[in-house]
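Peer 1: Going left to right, the sequence shown walks through residues 1 to 138 as the UniProt record's numbering numbers them.
Hints in this document: simulated from the structure, not taken from any laboratory. Every value quoted in this text rests on a predicted model; they were computed, and no experiment measured them. Check the hints yourself; a few may be wrong.
Claimed, not checked - Pairwise CB distance ranges (calculated):
#1 Phe4 / Gly66: 28 to 38 Å
#2 Ser118 / Ala23: 13 to 23 Å
#3 Phe4 / Arg59: 25 to 35 Å
Just so you know, even glycine gets a beta-carbon here, dropped at the ideal spot from N, CA and C.
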Amino acid sequence: MGEFDPRVRFEQSPVARLATSSADGKPHLVPVVFAVDPDSPDMVYTAIDAKPKTSQRLRRLANIAGNAAVSLLVDHYADDWTQLWWVRADGAATIHSDGAVMHTGYRLLRAKYPQYQSVSLNGPVIAIAVHRWSGWHA
Numbered sequence: 001m002g003e004f005d006p007r008v009r010f011e012q013s014p015v016a017r018l019a020t021s022s023a024d025g026k027p028h029l030v031p032v033v034f035a036v037d038p039d040s041p042d043m044v045y046t047a048i049d050a051k052p053k054t055s056q057r058l059r060r061l062a063n064i065a066g067n068a069a070v071s072l073l074v075d076h077y078a079d080d081w082t083q084l085w086w087v088r089a090d091g092a093a094t095i096h097s098d099g100a101v102m103h104t105g106y107r108l109l110r111a112k113y114p115q116y117q118s119v120s121l122n123g124p125v126i127a128i129a130v131h132r133w134s135g136w137h138a
């Protein structure tokens, strides 16, 4: 599998789990697609897209509005436990409904995921400024 580079493993992963918590500390965890900015590798973007959702009032947005501290986790499981690894990015999230940050997030997500040629990106972008990277591998 080669040398373990946590940031490369993170960037190449197709999905992450976004952990947020409410102002009163209730945790919330959801799978998200994401993109890392190659010009600023400590910036990670995810967005609210047009896939069907129960509500447009998403808990992750409300949580971030009240508590910007978030974590993103990517991992790999295999029956061969010598192949196990995970990477976590801890940072501060901001929500962008217009402007340059939103457009950067949309551009990076469209470049990483061909599905965004048919699924509309029409919601806010969550930009995460990562202040700590951690990881483990077998």
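Peer 1: Could you tell me which of the numbered hints above are not met by this structure, giving the numbers in increasing order?
Peer 2: 2
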